[in-house]
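Given chain L's structure and the hints, the job is docking chain Y with the ligands onto it.
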Amino acid sequence: MNANPSSNGALVQVEGVEKVFHRGAEDIHVLADLHLRVPAGEFLALMGPSGSGKTTLLNLIGGLDRPSKGAVLVAGERLDQLSDRRLAAWRARHIGFVFQLYNLMPVLTAERNVELPLLLTHLSRAERRQHVETALAVVGLSHRATHYPRTLSGGEQQRVGIARGIVTDPTLLLCDEPTGDLDRKAGDEILDLLQALNRSHGKTIIMVTHDPHASARAARTVYLNKGQLSNEPVK
Amino acid sequence: MAGLINWFSQIGSITKFGLMSLPQRRGAVAATVLGIAGVVAVLVGVLSIAAGFRQAMSVSASPDGAIVMRNGADSEMVSGLSREETRLIADAPGVARNQAGPLASAELLVLIDLPKRTTGTDANVPLRGVEPAALQVRQRLKIIQGRMFDWGKDEVIVGCGAAREFTGLQIGSNIKVGRYEWPVVGIFSANGSVAESEIWSDAKVLQDAYHRGDSFQSVHVTLDSPGSFRAFKDSLTANPQLNVKVLRQSEFYAEQSETLTRLITTLGFLIAFLMAIGAVFGALNTMYSAVATRTREIATLRALGFGGGAVVVALMFESLLLALAGGALGGGLAYFAFNNFHTSTMNWQSFSQITFAFRVTPALLVHGTAWAAAIGFAGGLFPAIRAARLPIAPALREL
Ligand SMILES: Nc1ncnc2c1ncn2[C@@H]1O[C@H](COP(=O)(O)OP(=O)(O)OP(=O)(O)O)[C@@H](O)[C@H]1O
Ligand SMILES: [Mg+2]
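In order, the protein sequence lines correspond to chains L and Y.
Numbering of the first sequence is given in our numbering, commencing with residue 1 and proceeding in unit increments.
Numbering of the second sequence is given in our numbering, commencing with residue 1 and proceeding in unit increments.
Note that these hints are calculated values from the structure, not bench results.
Certain hints may be false.
Not everything, but these chain L residues come out facing chain Y in the computed CB check (under 7 Å) [said to hold, decoys possible]:
no.	residue
1	64
2	92
3	119
4	123
So these bits of chain Y aren't anywhere near chain L, every CB distance computed over 10 Å [to be verified]:
no.	residue
5	10
6	30
7	135
8	154
9	181
10	275
11	292
12	308
13	332
14	362
15	367
16	378
Every beta carbon over 12 Å from chain Y, so not counted as near; a handful from chain L, in silico [stated by the list, open to error]:
no.	residue
17	32
18	65
19	80
20	84
21	232
22	234
In this text, all values refer to a predicted model and were calculated from it rather than measured experimentally.
Glycine included, every Cβ here is placed at the ideal spot set by N, Cα and C.
Isolated chain L (complex conformation) (with noise of 0.2 Å):
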């Protein structure tokens, strides 16, 4: 399913990306000449103070926003040069997205959430119902199904959340910081969840973390800092 069509073997291929926003007169320069290489299969997470720009990182790589100069290949597709209708497509395809706050429909039960980016897909109704099954069972919430997320835990949330986020099996999972509202306990629940499915599924993660806790889990971690990646921390 990782299968690699990039020349030289890395998944996610950041070039001498830069990024900047406008806010008014004032340029936000964020991210300048960036290179970042994710090979398949590995879980990467990235650190950095607040600000440095993670989230907006992540956002380039998701295919969620576009760099002010620079490549992104992922999967061979260079999103920078997509068209906005094409971009949702393949994000539909390859990418599975794992957000803080969970960002769950609250009018749907966790089954109905789970299902949702499978309605983008041509699975019939009985396909999305086998796979919906299997997903909760990997996160151990197959008891849950049919709760509404306001009646579940902030663990169980997330969950459901990465439930959604596996449920296409998509080429690439990006977590922006997916136990930064949890508790130790529901977070150590949550990063194991994310190990195994690198580990035993051979996904492709990279999580955004506050928490060297959390980035301890990652078989690598990378610094980002005044624009740039290390793979140091700065002191």
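Frame of chain L, contents of chain Y with the ligands only:
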């Protein structure tokens, strides 16, 4: 094909979230629905007046009927014809005949004052003197209570519309005709036509009561066929002994109803239009708030790969559904409040009262629904486009 189904399921699920979140926004939603209902109720209500009036006028006309008045007269009230003239008209080519002679009724019209039931104030009621052929000329006239008046006697029959609107018109009561009191001997219906607003008596008796000599105001005729009208009209206008105006019944009644229906329709549209502007702002407000409260949801769906087009269509759909709910409510309200609501009004051409019922027709309901849809469309479009254009990344952070 699968792509299309996929697109519909995207629209379906976004619409569903929208509709499911309606209870959270129930204040704004109710205001919008009621606002649109108000527009539609007013529009349909006002237009039903015009429709009812036009209906009363148009059922009065039969295709083979014609009316002759003095040239230059706008209405029977200001017309005048002598006995000789009415005879020439009755004998003209094209007029249908039976054993008794031509189907032509020379008629005169006077106005009498009677108190309205609703207000108690006096209003003009037309009292029409007719000749025997009048019953053939108005084929659908039917005595529904009592009997027909006797020719040559001081008696009247009363149209059911007039009987309903005015006091003192039941069988057995007397009405003041000039210096005399004449008994009401019967009540008639005439298929909802303007005749129902009138009181009828023998033309000769009425001429005497009002010292009219042998003069009339109009001749109502039935033609051989609708196609005979041309020949009938030409022979009368070419006759040097006559100076008359010849109208088909349909033209005559259309002319009679024109002023009023135009006034009502213009007024109705104006009021409804002003209200509609208000309703569009209400809908805009509701849909902007729908987008605002769902910004993060919409951004999440977009992140998962839902298309911007599906977001637009779904929000438009939501807006249209709210508008149509309002339209149905308003149309229903208008129907139950106004349909068959009986009233009488001044016939502005003859300055007499004619009675009619409001008519909420299917065409009017369709018209009202179209207005509701237009309001929903106008109110939904900009919020929907804004939602679809929302940059996803910043919207995802919103709480
Ligand atoms: N859409 C935007 N418009 C303007 N400025 C933006 C926008 N998005 C992000 N920024 C700015 O870019 C910088 C980087 O933001 P980003 O959210 O990527 O940081 P982060 O590392 O994820 O921070 P945190 O740890 O607090 O989540 C911040 O200064 C932020 O204010
Ligand atoms: Mg962030």
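Which numbered hints are broken by the structure, listed smallest first?
Numbers 4, 5, 12, 18 and 20, in rising order.
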